[in-house]
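Q: Residue numbers (the numbering used here), protein chains in the order written: chain A, 4 to 272; chain B, 64 to 290.
Worth flagging that the hints you see were computed from the coordinates, not collected in a lab. C-beta atoms are modelled at their ideal positions from N, C-alpha and C, and glycine is treated no differently. One or more of the hints may lead you astray.
[Unchecked claim] Sample of chain B residues at the chain A side, in silico, Cβ under 8 Å:
| # | residue |
| --- | --- |
| 1 | Ser149 |
| 2 | Ala152 |
| 3 | Arg253 |
| 4 | Lys257 |
| 5 | Gly259 |
| 6 | Leu270 |
| 7 | Glu281 |
| 8 | Leu283 |
What follows is each chain in one-letter form.
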Amino acid sequence: MEGILQIRAEQKGERTVITDHFFQGALKMTKPVYTESSIPIVYVIHVGGGCVDGDEYAQEISLGEKARLAVTSQSSTKIYKTPKKPVKQKFLFTLQKDSVLECLSDPLIVYEQARFEQETIVHMEKGAAFLYKEIITPGWSETGQPFCFDAIRLKLKVYKENRLILFDHFYQQGDRGIDQLLNMVGYTHYGSFLVISDEVDDKLMEKISCHLQGGPFDGRIGISRFLPSAFMIRILGNHTDHIEGLFLEVHRLARAYLLKEPPILLRKY
Amino acid sequence: MIDWLPLLQICDSNFPSGAFSHSFGFETYIVEQKIKDASTFKSFLKTYIDKQLVYTDGLACRLAYQFEKEGKQEELWKLDEILYASSMAKETKEGNRRIGEQMLKLCLNIYPHPTLQQYAQKIKAKELYGHAALVFAIVGIKIGADEKTTLVTYLYSTIQTLVQNGVRGIPIGQKEGQLLLKDLQEDVRRAVLKIGKLSIDDLGAQLPGLEIAQMRHEQLHVRLFMS
């Protein structure tokens, strides 16, 4: 195992504090950053700079009742060539009653001849809320072709009160019909934003749909409230910045409406 | 010789499962003029078979057949949960559930089977949702069809309904529709071979473009189909 990270956060009085943590290998974390928001931010750092052949990582975040935590990365996750074994990453998030977890990682960049497998499992108790962002971009390749990775497989499984409510399986093999109408439609970047909260309602959906339909955007956007308490946004585009820009605003709207919190400011680089 | 009659009955596009009111996203492409004739529809269907049917509906049908045959009921019910949870477009999610429930009701009447009975009870108790792939696999076993025959019939019935819906929705001629069905037979055969090589770890892989089309269907102003 190249990196392990475990975080336990609990609500103490007015604020959430980290009550236990452990890290080993290439994964490290910053102290929680407290801003004007009541939700502290933890930055996860990959000290190696990128993932190589056969690397395995495991992260666990567990939130106590009413705890609220935002987790982000310090920079994008880079997956380099994996001639022998794929890079594997596992996440386990446990959200106890009425807790909130915001997962706002930087884009995933998968380079030429790389294989990457990620599994994220989320367990939510009653009243918990979960916000999750994912952007996948093709890495630089010698030929300049965008889809030279071998395979990317991401699975996200969410259980609400022990029942599977979401099974999101993204699987792409580099260059195999990737530009088809039903697949990436000729775009190079993929973005996904998931919101699960009992407070999701028509009014919020209208605000977010309105924002997504607002400006000109070079790409394809879909949004669906697939369960009464959850919606998913999918974006295909050609630029990380454009997708990040849309998601930043979606996040601001969802945060203000669902969590009654000001926008998050992620100071990086 | 296999007794084909029971299979021919359930895979008939007139079998009232409700599938005739769903396009599973292709109506969005019709409105956007990306599907406008038999040739554009054909390329849609080719990818649909090669990806959507292989990784989701088809693989689920094969796994369901195996689990039922081996008496692994818990595994069988897990497939139902995964299928329902793997669709992020509301109309498609609901469409699959309704077709599954309707298929189940009909098949319970014509081919009563304890597993179908249990499936119906679990849906009534809101423990499960319903999916045609599982119903088809159980009925296949009940009527004595082998795994491959059940799978190929299920895939063909799905394509047949989609083609019929395309004939009405695009529209294209009946003759063109039948030509498509003939041309796609090779794709269905290839899909069966591909499904044979996959495992449960491959289940539910989605096509981003198709999923977005299914989501955008919700906002279409004029619609012939419910998804």
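Q: Take the hints in turn and mark each one as holding or not.
A: To see whether the hints hold, each was checked on the structure:
{"no.": "1", "hint": "Ser149", "in the structure": "holds, 4 Å"}
{"no.": "2", "hint": "Ala152", "in the structure": "holds, 5 Å"}
{"no.": "3", "hint": "Arg253", "in the structure": "violated, 13 Å"}
{"no.": "4", "hint": "Lys257", "in the structure": "violated, 12 Å"}
{"no.": "5", "hint": "Gly259", "in the structure": "violated, 18 Å"}
{"no.": "6", "hint": "Leu270", "in the structure": "holds, 5 Å"}
{"no.": "7", "hint": "Glu281", "in the structure": "holds, 6 Å"}
{"no.": "8", "hint": "Leu283", "in the structure": "violated, 12 Å"}
Violation of the numbered hints given earlier is confined to hints 3, 4, 5 and 8; the remaining hints are satisfied by the structure.
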